[in-house]
Every structure is written in C-alpha cells, then in structure tokens.
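Chains as they are written, first to last, in my numbering: chain A, 1 to 162; chain B, 163 to 419.
Hint data in this document are derived by calculation from the structure and do not stem from the laboratory.
Note that the coordinates shown come from a computational prediction; the quantities given were computed from them, not determined experimentally.
Keep in mind that a hint or two might mislead.
[Claimed, not checked] Here are the simulated BS3-like cross-link-like pairs (lysine-lysine), alpha carbons at most 27 Å apart as the crow flies:
1. Lys304(B) / Lys352(B)
2. Lys329(B) / Lys217(B)
3. Lys352(B) / Lys217(B)
4. Lys129(A) / Lys304(B)
5. Lys107(A) / Lys129(A)
6. Lys107(A) / Lys352(B)
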Amino acid sequence: MDWIMILGKAFWCGWGALGFGILFNVPPRTLFAIWIGGAMGGFLKFGLLQLSAGVVLASFAGALVIGFSSIPIAHIRHVPPMIFAIPSVIPLIPGVFAYRTMLGMMKLTGTIGPDYNQVLAETANNGAKALFIIMSLAVGVAVPMHLMRKESVKNVRLIKRK
Amino acid sequence: MSQEQNNEAKELGSLLLDVGVYLLSSGASCSRIRITMRRLATSSDYTTHISIAPKSVSLTLNDEDDNAIFSGMRTILAQGVNFKTISGISRLSWEAVEKGFSIQQVRDELNRLIALPHYPRLIVLIFVGLAGAGFCFGFGGKAPEMIITFGATVCGLFVRQEAVKHKFNPYICVFMGSLVASLFAGAFVKAGLDINFEHAFATSVLFLIPGVPLINAFTDLIDGNILNGLVRGINALMFALAIALGLLAAMLIYNLK
Chain A
1 MDWIMILGKA
11 FWCGWGALGF
21 GILFNVPPRT
31 LFAIWIGGAM
41 GGFLKFGLLQ
51 LSAGVVLASF
61 AGALVIGFSS
71 IPIAHIRHVP
81 PMIFAIPSVI
91 PLIPGVFAYR
101 TMLGMMKLTG
111 TIGPDYNQVL
121 AETANNGAKA
131 LFIIMSLAVG
141 VAVPMHLMRK
151 ESVKNVRLIK
161 RK
Chain B
163 MSQEQNNEAK
173 ELGSLLLDVG
183 VYLLSSGASC
193 SRIRITMRRL
203 ATSSDYTTHI
213 SIAPKSVSLT
223 LNDEDDNAIF
233 SGMRTILAQG
243 VNFKTISGIS
253 RLSWEAVEKG
263 FSIQQVRDEL
273 NRLIALPHYP
283 RLIVLIFVGL
293 AGAGFCFGFG
303 GKAPEMIITF
313 GATVCGLFVR
323 QEAVKHKFNP
333 YICVFMGSLV
343 ASLFAGAFVK
353 AGLDINFEHA
363 FATSVLFLIP
373 GVPLINAFTD
383 LIDGNILNGL
393 VRGINALMFA
403 LAIALGLLAA
413 MLIYNLK
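Start from the sequences, fold in the hints, and give me the full structure.
Following this line, the structure appears as structure tokens:
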C-alpha cells in the first residue's frame, strides 16, 4: 500500500464522515469541516498503519487529532465540538473486526473440531481489537473536550463582562 | 414571594425543561445539557438543581433564600439524533446571555429552531450511500464492492426510515435495515460475482452503527454521570446486536459461510 492509496482512503473517509454528518442533520456550515476532519483522521490512521504502527494506536491517533481540532473549529463555526467530532470519527470504527468477531462467535457455537483453537484465537484477537479501537475512539474524542473546556474562549469573555 | 415572581419562575423553569428534553432527545451528552440549562438561568437570581435520567429531565429552581419556587419534570420525545437542534440551542444560549434575551424571546427562538427542516430525504440517502462506499474503500474494497455497498446502504437506510415512520421498536427498525442491506449485498455474492464479499457484507451495515450513543456513553462516564453512561452504552450494544442479527439472518437465508 503506497501513499497514493493512503490519500485515496483518506479522501473516502472524508465522504464517510460527511454522510454521517448529513444523517445526524448537522448545520450545513460544518459540513466542510467534517469532511476535512474525517479525511484527516483517515490519513493519520492509514499513514500510521503504513509505518507499521498497531491498528489500535493508529485509530487512537486519528481520533485524538479529530478531538483536538474539534475545539478551534467549534469556536470558528459556533457549534459544540461534538457536532464536528462525532461524524468525523465514525469512519475509523472497526467494522471489519466487529464483523469477523461476530462470525467467529457463531463458529464457536459449533462442535469442537481440529481448528477450534485457531478460530478461538482469531475471534478473541478480532474482538479485543474491535473493543479497544472503539474505546480509543471514544476516549480520543471525549478527552480533548474535557481538557480544553476549562479555557473556553467564550467563557473567558463572559467572565470579563461581569 | 409575589405572584409575578412566581409566574416568572414558572416560565423560566418550563423553558429550561423544554431545552433540556430537546437536547436529551437530540443526542447531547449530560454535561452539555447541564451547562446549557445553567447558562440560560444565569441572568436570573435562581439557583438550578438539575437531574438527568435516561429518559427524562427534572429541575428545581431555588430563590436566594434557598426556597424551592419551581419544581418540574419532563420526559423526552421520541426523536432521532439531530445535531442542528443541539448546535442551535447552544448558540441560542450564548446569545441569550450576551444580549439579555427575555424568556419569551428565548422561547420564540427555540420554537423556530425546533421547526428547522432536516436535509431532504434523497440527499440523506445518497450521501449515506456514498459514506458506505467510502467505508468499503477504507477497508480495502474495490469499485464493484463499493457500488454494491452504495446500493445496499441506500436500500437499508430507506427501509429503516420507513420502519421508523411506522413507529416500530427502534431495535427492530435497525434489524430491518441491517437485514435488507445485507440481503442486497448478499444477492450479488450469491449471483456468483467474483467479489470479496467480506468487504461488501461488513460495510453494507455500517451506516447503522450507533455512533452517537457510543461516544456519548463514554463522555458521560468520564463526566461521572455513570448511570446515564451505562444506559447509553447498553443502548448502543442493543443496536449492535440488532445489526449482527440482521446480518446473520441474511447469511442464513443465503447459506453463506
């Protein structure tokens, strides 16, 4: 997978984010920012994967960048940060791992054959990856909001007025 | 306490409760609901006590002597995620504080915000379909899988919207969407097309993922709203199970392994 492919994936991640933005009925003025956010998260994730980082770490880095960039965008566009962050982070959701986990679980309900251990190991691996990626996405988006909220520009303005 | 003051407290309390339930049913996190309600109450002299349950918001307003002068509770409306409402109310709360809106002005503005239209249905279908195709590419799909995922997503979302319109149980709505989307994707696999069906299958149902409850669950847990966080998390899990069930049913029907 070369860098052109990564840019292509980032481009489509942007569309994924935009589609979810429209599904969640975001204000039109945030659509472009959501596209950029999705593409940025996708670029970071697939770029780090290319540099042979783990998939959990790569997803976490993508979510963290989206989370931190959601704060300035929230102030520029006058929206709460989550409106930008939640649609942007959705393309990073580990759909394939979750799917494989589910299929593996179904196989595990069958009889114990020679390849049972293999299926068990793969299912546990896919499940752990899916779970940790989802947790890292949620943390990556939620934590920046909490770190930066105390110094919200608007709060400062309000306190000065009083 | 004069009658006038009493009426004002009633109006303010009722407005705050409306704001709270609209935010809760549009998918805002608990801390955002609290912040917004408190912000709208800053211009008054009352102290607010807010309790947010998974499906209702309660509020008590106390005056300077700490006597409760308004107590109320409101349950949420059945309504999907709507970020336009959340951002609109957030913006309104700032404007109201900075420009000193009266309660009636805030109420009028709130009614205007609630009535704002959604994106046209066709636009939603097309863009969510594109999102599905985008996911498919991200997971390593090629053009044929992307086109199939686009079609599956559009069909699945259409069915889900119809099911929601007919007021089915929300999990059953998601199950129907998932079943139809994976039946669509599976038909091409069954027809013997040389495609990687894992990509088409796994990404055709991704438009149903409960992203907002999932992330709000963690936001609430981090904030210490443990109960709300758990409820949202389990809600997200139920949606995920409904998706998986739809997918499995389609695979069973097509006898795919």
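The hints, checked one at a time:
no.: 1; hint: Lys304(B) / Lys352(B); verdict: 18 Å, holds
no.: 2; hint: Lys329(B) / Lys217(B); verdict: 18 Å, holds
no.: 3; hint: Lys352(B) / Lys217(B); verdict: 43 Å, violated
no.: 4; hint: Lys129(A) / Lys304(B); verdict: 24 Å, holds
no.: 5; hint: Lys107(A) / Lys129(A); verdict: 18 Å, holds
no.: 6; hint: Lys107(A) / Lys352(B); verdict: 21 Å, holds
Hint violations for this structure: number 3 only, all remaining hints satisfied.
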